[in-house]
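Asks: Listed here are the chains, written in short residue letters.
There are 2 protein chains.
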Amino acid sequence: MPVNLEAPRRDALPVVAGVEIGTACAGIRKTGRRDVLVLRLAPGARAAGVFTQNRFCAAPVVVCREHLASSGASVRALVVNTGCANAGTGEQGLADARASCEALATRLGIAADAVLPFSTGVILEHLPMQRLLAGIDAAVDALGGSDWLDAAEAIMTTDTVPKAASRRIELGGQTVTVTGIAKGAGMIRPDMATMLGFVATDAAVPAALLSRWAREAADASFNRITVDGDTSTNDSFVLVATGASSVAIDGQAGRAADSAAAQALREAIVCVARELAQAIVRDGEGATKFISVHVEGARDDGEAAAVAFTVAHSPLVKTAFFASDPNLGRILAAVGRAGVADLDVDRVDLYLDDVHVATRGGRHPQYREEDGQRVMKKAEIEVRIVLGRGSASTTVWTCDLSHDYVSINADYRS
Amino acid sequence: MPVNLEAPRRDALPVVAGVEIGTACAGIRKTGRRDVLVLRLAPGARAAGVFTQNRFCAAPVVVCREHLASSGASVRALVVNTGCANAGTGEQGLADARASCEALATRLGIAADAVLPFSTGVILEHLPMQRLLAGIDAAVDALGGSDWLDAAEAIMTTDTVPKAASRRIELGGQTVTVTGIAKGAGMIRPDMATMLGFVATDAAVPAALLSRWAREAADASFNRITVDGDTSTNDSFVLVATGASSVAIDGQAGRAADSAAAQALREAIVCVARELAQAIVRDGEGATKFISVHVEGARDDGEAAAVAFTVAHSPLVKTAFFASDPNLGRILAAVGRAGVADLDVDRVDLYLDDVHVATRGGRHPQYREEDGQRVMKKAEIEVRIVLGRGSASTTVWTCDLSHDYVSINADYRS
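Going down the list, the protein sequences come from chains A and B. So in the working numbering, spot 261 of the first sequence is number 261, and the numbers just go up one at a time. Quick note, the working numbering runs 414 ahead of the 1-based positions in the second sequence.
Hints in this document: simulated from the structure, not taken from any laboratory. Among these hints, one or two may not hold up.
[Said to hold, decoys possible] Quick look at which bits of chain A chain B covers, simulated, 3 or more residues with Cβ under 8 Å:
no. : stretch
1   : 206–220
2   : 358–370
[Unchecked claim] Restraint ranges, calculated between C-beta atoms of paired labels, are given here:
no. : chain 1 : residue 1 : chain 2 : residue 2 : range
3   : A       : Gly339    : B       : His778    : 30 to 38 Å
4   : A       : Asp354    : B       : Gly558    : 50 to 58 Å
5   : A       : Met129    : B       : Glu784    : 23 to 31 Å
6   : A       : Gly339    : B       : Ala483    : 45 to 53 Å
7   : B       : Ala548    : A       : Asp354    : 16 to 24 Å
8   : B       : Asp760    : A       : Ala12     : 27 to 35 Å
9   : A       : Gly72     : B       : Asp760    : 26 to 34 Å
10  : A       : Glu380    : B       : Ala622    : 50 to 58 Å
11  : B       : Arg479    : A       : Ala260    : 54 to 62 Å
12  : A       : Ala260    : B       : Asp633    : 36 to 44 Å
13  : B       : Thr589    : A       : Gln53     : 52 to 60 Å
14  : A       : Asp346    : B       : His778    : 51 to 59 Å
15  : A       : Ala208    : B       : Ala483    : 53 to 61 Å
Where is the CB? At the ideal position from N, CA and C, for every residue including glycine.
Take these sequences, add in the hints, and give me the full structure.
Replies: Rendered as structure tokens:
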């Protein structure tokens, strides 16, 4: 059961002008479920992406990077399949990813390098090209509408809830829409972005600024979540600006970024990305709790993130949350092994929501077990760690480690 | 159920001359189980230790370091309690650890800094000093014998099997014994040594050499295992040389280390330490499989260890082993995120025992799923990863991640 997460309402996901959506059931791995998504973008659309740092990155990730470079970010279509990651597939995998782009480009009458391909699913297996190409054809036939909920459903794997989010803002009297989707529940510790996130706006945004916002939005959202610490081979986050509305963020990246309109649009994009990223954690494999790990008083951002992720990855911390057991020494043990070589534990404070648990290297004199117990029983909990070394801070979102995580991952392929 | 691990036979654990053993049931956390161990060492005994790098290190670890320094490694007694780690306990924790040493020293008529204290159990709670001091008294009353199986049982926490190992070697016509014990099943990713390992020999060894061997033995054994990636606050590995046999490894550390006798004794110590370390993995919380992750062709030792530990820590790899599911792309995904920034995946080979799974960035042409399945069903499996970059190699031992791991850690305190 996901933690405080329901499928978004269809009417809460407004159309992004310049984006058409088509889906199909191609039977890539299982029959009778949507597993192919095509997004057609209006002429003039631009896209920017950030991708996994995993060295065993998937073939579609390699092709996405190539196409973004050769097309100068002028992207006209995205194609996504689930059921097979096309990772660990060598030369054949690259050929398959390119063939998918060519087939879609031919159908749409666009250049092959204006197509970005994405895959997610099992690693080390080849794409079933015949079924995939038939699915792409069917998805193209379905183009025309703009049902973002269908799109979110078409990219689910072990997700139990489709993930989509939207914001509308007014810029100079015009409405601009930002709508996005994401998938992911396991193998989640994005190193640049998470396993498939797509956010589109109908504003026009210069390519350099779009690229910068893609990085910044990923850094404030997908790069701050973890379910199991496993960085995927297929992580991709793509930000699209179709320019199909009448709003344009003009000028050079540097100056344009400072305008009030640009700030408002950037903020809307970050909000959508963060809501999607948190949805992935809420739907994390086996999750029963949504945990925010906030670290402050760090010397720099890297130190804050190292401590936060060490706590967020600790199987012992995560099983204690699953059990609602305030076995909070496990959090201190994780802080202590986070690689901060000169950490003075006497200056560390630990809070669980409003409860002051530890101070001066030990238990807070007023801390009572029943206070810790009260917080641990909640479905959403903030762990706050104050290092007392500086002014840097960060927040990482994670979930607990339950029996269902083991069941899901022991049974995934069988 | 531990993996191919049974309690050692009492008669397979020979006496180490110069070591007396006493245990007691002090009721530290639970009643009716041995939870205090005292080892009395003969005059002239030396000890060397390596300890956790966790910044939240336990009070007894601090006191051990102080006493080894101030006594010049002349150690006459070790005292160990389970049920409470005395970590995250601030000044009171240090005072309690020192008081334990003083009480034992008074009873034995030795200096307080000739005592090394060790604790293991729950973090963030204070030692119940009245019960502990009574337990120390009872353990001293029980001194005289040398039952290493009793000693191994007295330091168990979530262990299901007592862990002890021994080797006897002949040096210059004399028999030298090396016997040791260890405990640990969870919070296992030693950063210098594991949560309580003690190895004693009756040879005499110069202090500097003993210290070097303690580091080298830990590095070849306890520092090469992981259950859940969580480095404990209490990890301690202590090597004792009583000198009570007639064999002495004489001379300066540098020259003595080169003698045939020194090499033979060092090898026996490493064997005992490695057997104990592997026993911890075999008894890892919830373990059903014993996995050796061997990395070769690395550019240097650090790179080999980073890849091996990333694979050994991956929850997705570990759940696949639990399921006996050859979902081997998960291993490649872990190799790819191990931080080797310029890894050429086309040069990476992956073997599962004798089965060649992956090559040139993808599945090996001759690999068949049923071959992977055959190996995955075994209780002991070697994962061999060839990076094709250099000549460094290492091996790390780990276990799978099962439902029982979650149960054990969700229920540990309750």
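Asks: Which hint numbers does the structure go against, in order from smallest to largest?
Replies: Violated: hints 1, 6, 7, 8, 12.
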